[in-house]
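The chain contents come next:
Protein chains: 4
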Amino acid sequence: MRLGVFGGLGRLGTKIVDLAKNYNNIDEIYVMDLKQKEQSIKIFKDFILKCDGIIDVSGAQGTKCLLDTFLDYGSQCDPKLLKKFLVIGSTGHTLGVQEMVSNIIGFCSVLYAPNASLSLWNFLRSIVLLAQTLGPDWDVHVHDHHHKFKKDAPSGTALYFIQHLESACPWLKQKIQWSSIRGGIGVILNSVIFSGNCEVIQCTHQVMDTYVFAKGLLDMALWIQNCEAGYYDVQQYLLSLKVNFA
Amino acid sequence: MRLGVFGGLGRLGTKIVDLAKNYNNIDEIYVMDLKQKEQSIKIFKDFILKCDGIIDVSGAQGTKCLLDTFLDYGSQCDPKLLKKFLVIGSTGHTLGVQEMVSNIIGFCSVLYAPNASLSLWNFLRSIVLLAQTLGPDWDVHVHDHHHKFKKDAPSGTALYFIQHLESACPWLKQKIQWSSIRGGIGVILNSVIFSGNCEVIQCTHQVMDTYVFAKGLLDMALWIQNCEAGYYDVQQYLLSLKVNFA
Amino acid sequence: MRLGVFGGLGRLGTKIVDLAKNYNNIDEIYVMDLKQKEQSIKIFKDFILKCDGIIDVSGAQGTKCLLDTFLDYGSQCDPKLLKKFLVIGSTGHTLGVQEMVSNIIGFCSVLYAPNASLSLWNFLRSIVLLAQTLGPDWDVHVHDHHHKFKKDAPSGTALYFIQHLESACPWLKQKIQWSSIRGGIGVILNSVIFSGNCEVIQCTHQVMDTYVFAKGLLDMALWIQNCEAGYYDVQQYLLSLKVNFA
Amino acid sequence: MRLGVFGGLGRLGTKIVDLAKNYNNIDEIYVMDLKQKEQSIKIFKDFILKCDGIIDVSGAQGTKCLLDTFLDYGSQCDPKLLKKFLVIGSTGHTLGVQEMVSNIIGFCSVLYAPNASLSLWNFLRSIVLLAQTLGPDWDVHVHDHHHKFKKDAPSGTALYFIQHLESACPWLKQKIQWSSIRGGIGVILNSVIFSGNCEVIQCTHQVMDTYVFAKGLLDMALWIQNCEAGYYDVQQYLLSLKVNFA
Chain F
1 MRLGVFGGLG RLGTKIVDLA KNYNNIDEIY VMDLKQKEQS IKIFKDFILK CDGIIDVSGA
61 QGTKCLLDTF LDYGSQCDPK LLKKFLVIGS TGHTLGVQEM VSNIIGFCSV LYAPNASLSL
121 WNFLRSIVLL AQTLGPDWDV HVHDHHHKFK KDAPSGTALY FIQHLESACP WLKQKIQWSS
181 IRGGIGVILN SVIFSGNCEV IQCTHQVMDT YVFAKGLLDM ALWIQNCEAG YYDVQQYLLS
241 LKVNFA
Chain W
1 MRLGVFGGLG RLGTKIVDLA KNYNNIDEIY VMDLKQKEQS IKIFKDFILK CDGIIDVSGA
61 QGTKCLLDTF LDYGSQCDPK LLKKFLVIGS TGHTLGVQEM VSNIIGFCSV LYAPNASLSL
121 WNFLRSIVLL AQTLGPDWDV HVHDHHHKFK KDAPSGTALY FIQHLESACP WLKQKIQWSS
181 IRGGIGVILN SVIFSGNCEV IQCTHQVMDT YVFAKGLLDM ALWIQNCEAG YYDVQQYLLS
241 LKVNFA
Chain X
1 MRLGVFGGLG RLGTKIVDLA KNYNNIDEIY VMDLKQKEQS IKIFKDFILK CDGIIDVSGA
61 QGTKCLLDTF LDYGSQCDPK LLKKFLVIGS TGHTLGVQEM VSNIIGFCSV LYAPNASLSL
121 WNFLRSIVLL AQTLGPDWDV HVHDHHHKFK KDAPSGTALY FIQHLESACP WLKQKIQWSS
181 IRGGIGVILN SVIFSGNCEV IQCTHQVMDT YVFAKGLLDM ALWIQNCEAG YYDVQQYLLS
241 LKVNFA
Chain U
1 MRLGVFGGLG RLGTKIVDLA KNYNNIDEIY VMDLKQKEQS IKIFKDFILK CDGIIDVSGA
61 QGTKCLLDTF LDYGSQCDPK LLKKFLVIGS TGHTLGVQEM VSNIIGFCSV LYAPNASLSL
121 WNFLRSIVLL AQTLGPDWDV HVHDHHHKFK KDAPSGTALY FIQHLESACP WLKQKIQWSS
181 IRGGIGVILN SVIFSGNCEV IQCTHQVMDT YVFAKGLLDM ALWIQNCEAG YYDVQQYLLS
241 LKVNFA
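Chains as they are written, first to last, in the UniProt record's numbering: chain F, 1 to 246; chain W, 1 to 246; chain X, 1 to 246; chain U, 1 to 246.
Each hint should be verified, as a subset may be incorrect.
Same chains, same label: a pair holds when it works inside one copy or across any pair of copies.
[To be verified] Restricting the straight-line Cα-Cα distance to at most 20 Å, the calculated cross-link-like pairs of lysine to aspartate or glutamate (DMTMM-like) are:
#1 LYS148 / ASP209
#2 LYS150 / ASP137
#3 LYS148 / ASP137
#4 LYS64 / ASP233
Note that these hints are calculated values from the structure, not bench results.
Between the sequences and the hints, there should be enough to build the whole structure, so can you do that?
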């Protein structure tokens, strides 16, 4: 596979590129980053052309640029020639991602992964079950702690949690509180707190090294590459795996 | 219903008696406690005779006494006359409870509730799902924090967690670590910590007031009263409830 | 001592009244509550007149009423006759408490106790030392979790923490973030999170039973009764105790 | 400075070597590791000879080897020629470190750093103050969580905490409980839990990247290099820094 890493000069991007070298089925790695001065629309298109698909970790701003170029490119070419894949790891988008990519899913398989830790999705699945069995008497709060430079709050993951909990538990609609800590460097934490009558349940998922995300995104790229064009949810990815060991 | 509370002078016993007064379907409440000096086997048997069933919160030592008297009584009477119920809320037994009660389940419906918080069982259910989906690469640790006078460690609840996790996830057999804090007064906390590669998940259930247990035990008594003679697990009780609100 | 409990029909007020019965030096207890229909300004004044001093747990609204009546009363009487004391345990005031009570400290000793747990103040003292030794490279976040009916956020205690940390560590001025959970019943928790470079420190103080506050406020009342008229800070109370056992 | 890193092929050792390259005052870096097959006593002595001093992160077993060689070497040479320094970052020793190094402190400045995170020592200082002000009514528990390969429990840091708390608070002698989690990879956490009457305080220090220790040990090496021969405690190092920013 020829893999493009967009945002490849950032902290996470660098780790993806480093780790990708250990993947046998990744033959070529191309890096692009908005920080590069020499970039132009032409170079951007070349980047897309050269790669079978792209992992995007460029941030909300970058994703927009990438999608524009993707669309521009897709509209000019014979769709049959360029079935691409795209794993979007950036968060903080003002629009829904599914909506944002609606114009490119004709010729592109897109996976939106607001969080690339597999265990986090297993965590969410258990949290949803817990919310469903606790029922309407319990208040739910979603909390996240990320580094001081992170601009969006709550985190993309926390938002995803809220949406999922609301859709699985109708009584939680518009009722889930959230809070965020933005401080230091190195804390990557998402928490759900259930408050009942004289009882409280706190569940916390923490990642200590972004290596976890780099590996997760690469594994997702290998999977989405073989999917038909269309929009994919991380839940669909999860279902494709052996998700229950018991 | 005529309800007996064995261990009814202790902290939890007192709360059960207080709360029972608010239950319409509990007509009479009898209290017995090993601390009472005047007790004798005769009085003990009268206690059992007077009640439709008993909630036991007397501690491991007390449960043994109670079961002996129950058995003694059962062996002398016409079983048809005395279908009783028993909710065992004590923990710290050296033998398995199911084994301990095997001689009385001919004429008695017995529910063993090492923890009477309903939400704790929902919590365990989610924890088991999480352990199953995380799989063998994750280490599991069960932790509990209880008051400084509690003698058994780990707590009955923590032990139950370990057994359940081991039976649901064969790879965890003999692999689950545990730790306990015994300190202060008022902390009632059970925690499960999953440790992976650069990731950690911590889930904690805390009860702030033993009112939760008093209410739970009374609700369980109302249910087990109508069950046929036999041994019942708290999971069976849970299944009888509307356990999933979604 | 003749003690008045204003807000004495609320949850905390009831506990204070119950516990006060065990204090040998509290001879008479008077209860007043805004929920009482029959109250009038005359009754309110009688309440103040009858008591040597008052513990206020009526909430921000109530405190204002109480201070108005206090002032009204003080302005009409011979100040020498009525040296009173007042322990303000309510929080959520829109003005600073010291400012609010400025008109009554001529004839009243006032202690503002946004939190009546002694250990919480020892906790704060350690937190301040930690903030001072960690220095400007660490970000500080104050978090609190209280019941779903609590109206003010952050809690009075959290606000006090922020003010104290800012005044002890000039580099934190306007830099301390905060978050609050309002959910369930029974969680009373204040937390300070320090985020550094690949390091994080989390310190949490939790109260499991408002008995702690009832006892704290009664002990404070016994102390402030013997203080000269004026405004007192909980730090001053702390200094009067044997604060360091080592 | 010519710096030796003993245990320099391990995870932490590698990080120290990497980071040392950025230190202007570290001119040469020598690496030695028990995993190297070709090692012999001669090579070991050469290693000591070549370096101005050594950072030891080889583990308890390695430290013993290192001290033997150090002693052997010291006994044969003119002490004036070889004032060396040694920073011991290994833990899990069966003997006290001060005792273990007693034979080499005639010609060597030794700093024992069971934990090289500066903030951890500030944390401990606050914890000690908290224990002192809470007093004898509170129970104290020390907890640590480290990776699944760590052999000693409690951690060297946790042990140090216990000793310090016991010596600062005589009533805690033999009364401090501890627990440890050994699981996963990447959690580096030390916690102190204070349990009172209906109150609990939990303080947790977590390191997310061993970069923190690598930097700490290098900074300590620069300091101990200029100290006179003798045994040094990490507290002495702390005092030499600007420890209080306020």
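Verification of the supplied hints:
1. LYS148 / ASP209: Both. Shortest intra-copy (16 Å) and inter-copy (17 Å) distances satisfy the 20 Å Cα cut-off.
2. LYS150 / ASP137: between (34 Å within a copy, 17 Å between copies)
3. LYS148 / ASP137: For LYS148 and ASP137, the Cα distance is within 20 Å only across copies (11 Å; inside one copy 35 Å).
4. LYS64 / ASP233: within (19 Å within a copy, 54 Å between copies)
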